[in-house]
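Student: Residue-level listing of the chains:
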Amino acid sequence: MAGVKGKSGGANGGPQYNPANISATGGDGQSGKQPAQYISGLPYGQGQETMQQQLSAPMAAAANPQMSGMGIDLPTLLGETMRLSEPTSAGVDFGAGPGSEVLPPSLGQDQRPIENKAIVEKYLPALMQAGRSTDAPDSYKQFLSYLLKKMQ
Amino acid sequence: MNSWIAGGIYDNVDKFANSLGYENAAIALTLATIPWESVDERDSFIEMLTGEMPQGGKTKNQFGV
Numbered sequence: 174m175a176g177v178k179g180k181s182g183g184a185n186g187g188p189q190y191n192p193a194n195i196s197a198t199g200g201d202g203q204s205g206k207q208p209a210q211y212i213s214g215l216p217y218g219q220g221q222e223t224m225q226q227q228l229s230a231p232m233a234a235a236a237n238p239q240m241s242g243m244g245i246d247l248p249t250l251l252g253e254t255m256r257l258s259e260p261t262s263a264g265v266d267f268g269a270g271p272g273s274e275v276l277p278p279s280l281g282q283d284q285r286p287i288e289n290k291a292i293v294e295k296y297l298p299a300l301m302q303a304g305r306s307t308d309a310p311d312s313y314k315q316f317l318s319y320l321l322k323k324m325q
Numbered sequence: 700m701n702s703w704i705a706g707g708i709y710d711n712v713d714k715f716a717n718s719l720g721y722e723n724a725a726i727a728l729t730l731a732t733i734p735w736e737s738v739d740e741r742d743s744f745i746e747m748l749t750g751e752m753p754q755g756g757k758t759k760n761q762f763g764v
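Heads up: the sequence lines are chains A and B, in that order.
Whatever position you read off the first sequence (first residue = 1), add 173 for our numbering.
Whatever position you read off the second sequence (first residue = 1), add 699 for our numbering.
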């Protein structure tokens with residue numbers, strides 16, 4: 174008697190029959206070995222020969238592709254410290270340990286004003302030259318005045 | 700001295716600086732260097748960014764400053 178899909182034994186429509194139900198990592202298999210795979214397109218006889226070689230000396234299964242750090246429990250903000258010799262307040266200007274002076278300069282200072290000033294310095298000579306044009310609008314000259322004040 | 704060119708880089712500087720605000724001078728200068736296809740394209744971008752018509756450049760220099 175033919176099985177009713179999902180209601181009887183055999184081909185019961187379980188998840189193993191769903192073609193979309195595949196392992197994202199390829200799975201580890203059960204044998205711990207790579208299965209033999211027939212290589213087509215080889216000269217006559219060599220396909221069978223390589224198949225026999227694979228069957229007689231199977232290759233070990235490939236290493237699990239999962240990233241090695243994925244199993245590590247990352248610390249939480251308020252959890253126990255992982256640096257037992259370092260106060261939790263190290264790097265801030267209160268509590269025990271060194272203050273913010275030990276942090277890299279890029280963390281302690283907003284770099285944008287410096288970068289912005291560099292951009293303005295780069296363009297300012299040409300901008301000033303254009304500002305001498307008799308057709309330059311007032312709004313442009315006001316902007317130049319603002320830049321000059323800022324650069325002082 | 701050369702005439703002011705609408706859609707030229709300095710005109711772009713004027714429009715972006717006055718539309719975005721002088722405090723955003725650096726980004727205004729950077730946007731001004733983009734080779735805009737046309738004045739309309741540039742102005743549409745400013746309008747999209749600020750929600751207002753482009754500012755600046757409406758009045759010519761009247762005082763010879």
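Warning: the hint list may mix true and false statements.
Stated by the list, open to error - Cβ-Cβ distance ranges computed for the label pairs, FRET-style: (1) A/R285 / B/G707: 21 to 31 Å; (2) A/M301 / B/M752: 25 to 35 Å; (3) B/I733 / A/S279: 20 to 30 Å; (4) A/N194 / B/T732: 14 to 24 Å; (5) B/S743 / A/P286: 24 to 34 Å; (6) A/L276 / B/S743: 35 to 45 Å; (7) A/D308 / B/I733: 50 to 60 Å.
Said to hold, decoys possible - Listed below are the simulated EDC-like cross-link pairs for lysine to aspartate or glutamate, each with C-alpha atoms no more than 20 Å apart in a straight line: (8) A/K295 / A/D308; (9) A/K323 / B/D739; (10) A/K295 / B/E736; (11) A/K290 / B/E736; (12) A/K322 / B/E751; (13) A/K323 / A/E274; (14) A/K314 / B/E722.
Everything labelled a hint here was simulated from the structure, so no lab data went into it.
Glycine included, C-beta positions come from ideal geometry on N, C-alpha and C.
Student: State for each hint whether it applies.
Tutor: Structure-based check of all given hints:
1. A/R285 / B/G707: 21 to 31 Å: holds, 28 Å
2. A/M301 / B/M752: 25 to 35 Å: Cβ of A/M301 to Cβ of B/M752: about 27 Å, so the range 25 to 35 Å holds.
3. B/I733 / A/S279: 20 to 30 Å: Holds - the Cβ-Cβ distance for B/I733 and A/S279, about 28 Å, lies within 20 to 30 Å.
4. A/N194 / B/T732: 14 to 24 Å: Check failed, 54 Å falls outside 14 to 24 Å.
5. B/S743 / A/P286: 24 to 34 Å: Given range 24 to 34 Å: holds, Cβ gap about 30 Å.
6. A/L276 / B/S743: 35 to 45 Å: holds, 44 Å
7. A/D308 / B/I733: 50 to 60 Å: Between A/D308 and B/I733, where Cβ atoms are some 22 Å apart, the hint is violated.
8. A/K295 / A/D308: violated, 23 Å
9. A/K323 / B/D739: violated, 31 Å
10. A/K295 / B/E736: Violated: A/K295 and B/E736 sit about 24 Å apart, past 20 Å.
11. A/K290 / B/E736: Distance of about 28 Å is beyond 20 Å: violated.
12. A/K322 / B/E751: violated, 27 Å
13. A/K323 / A/E274: violated, 28 Å
14. A/K314 / B/E722: Holds - the C-alpha atoms of B/E722 and A/K314 are around 15 Å apart, at most 20 Å.
Going down the numbered hints, you'll see the structure goes against 4, 7, 8, 9, 10, 11, 12, 13, while the others check out.
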